[in-house]
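Enquirer: For reference, the chains in residue letters:
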Amino acid sequence: MRKFVEKLSAVLDHVADLSIRIAGIGLFLMTVFIAWQVFGRFVLNDTPTWTETSSILIMGWFLLLGAAAGIREGNHLSFDVVLFLVNDKAKSVAFTISDFVVIAFGMGMVVYGLQLALKTWPTTIPNLGISGGVAFLALITGGALLVIYSVERLLRRAVGLPTTRFSDKLAEAD
Amino acid sequence: MELLVLFGTFTFLLLIGTPVAFCLGASSFATIAFIGLPPVVVFQRLNSGISVFALMAIPFFIYAGELMVRGDIARRLVALAGGIVGHLRGGLGQVNISASVLFGGISGSAAADATAIGGIMIPQMAERGYGRDYAVSVTVMSSIIALMLPPSHNLIIYSISAGGRLSIADLFTAGIIPGLVLAMSLMLVAWWIARRRGYPTERFPGFGVLAGLLINAVPGLILVAIIFGGVRSGIFTASESSCIAVVYAILVTIFAYRTLSWTAFVEATLNAVRTSSMVLLVIGSAAAFGWLLAYMRVPTALVEALKDVSDNPIIILLMLNVVLLLLGTFMDMSPLIVITTPIFLPVATAYGVDPVHFGIILILNLGIGLCTPPVGAVLFVGCAVGRVSVGQAMRSIVPFYIAAVATLMLVTYMPALSLWLPSLFH
Amino acid sequence: EITLRSSDTHPEGYPTVVAVEAMGEMLEERSDGRICVEVFHSAQLGEEKDTIEQTQLGVIDLNRVSLGPFNNIIEETKVFSLPYIFRSTDHMHAVVDGEVGADILAEFSNHDLVGLAYFDGGSRSFYNSKKPITSVADIEGLKFRVMQSDVFVDMVDALGGNATPLPYGEVYSSIQTGVIDGAENNWPSFESSGHYEVAGYYTLDQHLIVPEVLVMSKTKMESLSAEDQALIRQAAKDAVPVMRDLWAKREKASEEKVRAAGVEIVDDIDKTPFIDAMDVVYEKHVTSDKLKDLVTRIRAVE
Ligand code: NA
Ligand code: NA
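In order, the protein sequences belong to chains A, B and C. Residue 1 is where the first sequence starts when you use the numbering used here, and the numbers rise one by one after that. Residue 1 is where the second sequence starts when you use the numbering used here, and the numbers rise one by one after that. Residue 1 is where the third sequence starts when you use the numbering used here, and the numbers rise one by one after that.
Isolated chain A, as found in the complex (with noise of 0.2 Å):
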């Protein structure tokens, strides 16, 4: 089981390591079309319409990439005051909990996310021509690897492999 754990999760490194590769470009690919923009608006005196509305959707796509990641990194802030005071068996159920109700949270996205995506699908977006339901595409991909990388975390905490937070790197620091 352990060996399994570790082999998944060092698949889902390169996943991890990959989408956060892809949000980076993205987050890059928005600051050459904002730019664009503003090189248009006062250089070639025409404004680029599409710039705009395609930049944000590259947003909810590097976001949602990024905070999934994120949650396998142990990056995203939470409040863990009370969990200094407990014991580390009091901590691993608090633990489990929170990655259940991230997993929910993440399953929402997914099957609400394909729900909106279908009804807004024969709608376009201004400017850009393509079909409204393209904006709920990152919702549903984000969420899905959030459950995945929940269910890891899970997974490891029950082979006793360890789990990273963002209040152990404050730790280290320390």
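Honestly, the hints are just simulated from the structure, not real lab data. C-beta: ideal position from N, C-alpha, C; glycine also. Some clues are possibly wrong.
[Said to hold, decoys possible] With a Cα cut of at most 30 Å, we get these calculated DSS-like pairs of lysine-lysine:
#1 A:LYS119 <-> C:LYS220
#2 A:LYS119 <-> C:LYS49
#3 C:LYS292 <-> A:LYS119
#4 C:LYS49 <-> C:LYS218
#5 C:LYS257 <-> A:LYS119
#6 C:LYS290 <-> A:LYS119
#7 C:LYS131 <-> C:LYS290
[To be verified] The calculated label-pair distances, taken between Cβ atoms and stated as ranges, are:
#8 B:ALA33 <-> C:LYS284: 53 to 59 Å
#9 A:GLY40 <-> C:ASP103: 39 to 45 Å
#10 A:LEU128 <-> C:GLN234: 39 to 45 Å
#11 A:SER92 <-> B:PHE7: 22 to 28 Å
#12 A:MET107 <-> B:PHE7: 54 to 60 Å
#13 A:GLY40 <-> B:PHE204: 21 to 27 Å
Fit chains B and C with the ligands to the supplied structure of chain A, relying on the hints for placement.
Expert: Coordinates of chains B and C with the ligands only, in the frame set by chain A:
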């Protein structure tokens, strides 16, 4: 009952350490299901909450800050501050605070300020015989200045939370004088402690050297001018100016000064993704949470309740400040802005407080919360950088708290401090 | 015992908000207090695109919205957003109160909504900081801020101007600093935004007179008794004159304030060349037979 479900689940999840974004999202999810509304609304709000053009300024400013810190711009600003105020009593303490004023103009993040300035200043201060506790206290408290001076992405979050109808240019301008007042009050405390502890002063380097330091710091200072001038004059929107800041930072650090390697550039990009996606997810989930609060008429009920307590705006503002300070000690800034703005802003405006003025009060107040235990992200960062425990840092931070809270009271009860400067542009 | 939650993006006291509140009072009186309306103003429940979805889902019951966000959902609504489609506000009222208005309102029922009534959105005209516009030639080369919509961008281009999409909140300082030369809007917005302080020339070409709609969630409507449904439909109808009256007053007050500030108003231009310039816009956007037919019918209304 519905309110109980919302706040009950939220508090429970918060206490067991669920990430704040999911506390907000999951408690909204549970409450919607409890009321019997279609849960899809939660995810629609989440998606709309993050699909806002003005929000783009957040990743961009964070990105620009990352590039500046890694590309040597921050160190040059510190050197300039050293030349200007190093000869005052408690010299390096004053330098630390002044550097925050300069760096605050290119960073909207208190944590970035504490890391950048603290990383450079604290070792220097320790070497020159300053107590580490003092060095950390000065670093941590002066980093609030970055939140008050433009560009502050927290003011953008506030503008969006207020319904996106407040001028970001006005908010940016409004923060300047309160930010400088805060800097002066902190410098006063730094001077007082330094005198009592007999800390040294630096030699004035002479105007020749100062001119050299100024030239070195020019790229950083130009960025301040681009961002503030661009937004204020209406040439750029806040999001556009933040993007220009990134482009400028890339050009300066990679091409002009060659202070940023390819690896450092990639690291800066990925770090910006990490930090901003955390902040943005919180904003998205808080949009769902805020929608429920509006749907359940919480702000209206709160205004009614407060009207029964008092009809004196002075008392109401004091109460709001106390509540915010308390919340701020327990939670982080951006979630608190998004959660409390829709609730407290209607209260404040009902008592005749200008929304721009209230924004400045809110940011300063929650900024103080970043420096207080138990949950003070900037305090943690400062302690980590300065290698002291939170308990040690507490030894000299209290006088700084007093100065910051005194500034908060001044800002609260003297609206002109915030509103006079923007009024000049109308 | 029935509370209808209604959304509006306008602030408290705005004509549309007051009109829906008035509708609520009528309903309360006529139903002996059984039905009431709660208005969530100032976009408390979200922007129009979002609240439309919420109304379709039955999360909120009533919604006062512009027609713009419907253009991508209900094709017929596009016709009202065409430049110079209406000759005057009276013409617009005649159209929406007549057969065409009823036909388009009926289309909403194919999208989980019930169209209850048309409200006024005012008539939009050009203002700028450079010169009085008295002919199409005067627009040549001027930069105008427009809303994010292909039709509006094409309209400004067709008149020889330069369309610049900008967020509304940036318009004031952008005119002030000369980033753009002007924008376009109705009297109340021209006044309340303070844009008249920086744009001293207003030409009443009335290129857009777009009505707004009050819609209801179809799920909610169908859950009510036939008698209550009739009450709601009637109250919505009766709120229209209230709305038009409030709007006219508001428009007048704004006009007086702007005129008193010394803005030069051009109110006697010959609109024919402006309308002629729109041929390319109509060619590009009025492509389906459905829309062509609607354009003909609207033009035929006296
Ligand atoms: Na700043
Ligand atoms: Na805090």
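Enquirer: Verify the proposed pairing of LYS119 of chain A with LYS49 of chain C, using a straight-line Cα cut of 30 Å.
Expert: Holds, at roughly 13 Å.
Enquirer: Assuming the hint says 54 to 60 Å, is it satisfied by the Cβ distance from MET107 of chain A to PHE7 of chain B or not?
Expert: violated, 24 Å
Enquirer: Holds or violated: 53 to 59 Å for the Cβ distance of ALA33 of chain B and LYS284 of chain C?
Expert: Since the Cβ atoms of ALA33 of chain B and LYS284 of chain C sit about 46 Å apart, the hinted range of 53 to 59 Å is violated.
Enquirer: Under the criterion that the straight-line Cα-Cα distance not exceed 30 Å, is the pair LYS119 of chain A, LYS220 of chain C satisfied?
Expert: Answer holds: LYS119 of chain A to LYS220 of chain C is near 19 Å, not above 30 Å.
Enquirer: If you check the beta carbons of SER92 of chain A and PHE7 of chain B, does the distance land in 22 to 28 Å?
Expert: Holds: the Cβ-Cβ distance is about 26 Å, inside 22 to 28 Å.
Enquirer: Mind checking the alpha carbons of LYS49 of chain C and LYS218 of chain C for me, to see if they're no more than 30 Å apart?
Expert: With a Cα-Cα distance of about 17 Å, the restraint between LYS49 of chain C and LYS218 of chain C holds, given a limit of 30 Å.
Enquirer: Do the alpha carbons of LYS257 of chain C and LYS119 of chain A lie within 30 Å of each other, as the hint requires?
Expert: Outside the cut-off at roughly 46 Å; violated.
Enquirer: Decide if the proposed pair is consistent with the structure: LYS290 of chain C and LYS119 of chain A, CA atoms, cutoff 30 Å inclusive.
Expert: Holds, because 24 Å separates the two Cα atoms, which is no more than 30 Å.
Enquirer: Going straight from one Cα to the other, do LYS131 of chain C and LYS290 of chain C come out at no more than 30 Å?
Expert: violated, 40 Å
Enquirer: With respect to the beta-carbon atoms only, verify the hint that GLY40 of chain A and PHE204 of chain B lie 21 to 27 Å apart.
Expert: violated, 49 Å
Enquirer: Confirm or reject the claim that GLY40 of chain A and ASP103 of chain C have a C-beta distance inside 39 to 45 Å.
Expert: Holds - the Cβ-Cβ distance for GLY40 of chain A and ASP103 of chain C, about 41 Å, lies within 39 to 45 Å.
Enquirer: Determine whether the Cβ-Cβ distance between LEU128 of chain A and GLN234 of chain C falls within the hinted range of 39 to 45 Å.
Expert: holds, 42 Å
When held up to the earlier numbered hints, the structure conflicts with 5, 7, 8, 12 and 13 and fits the remainder.
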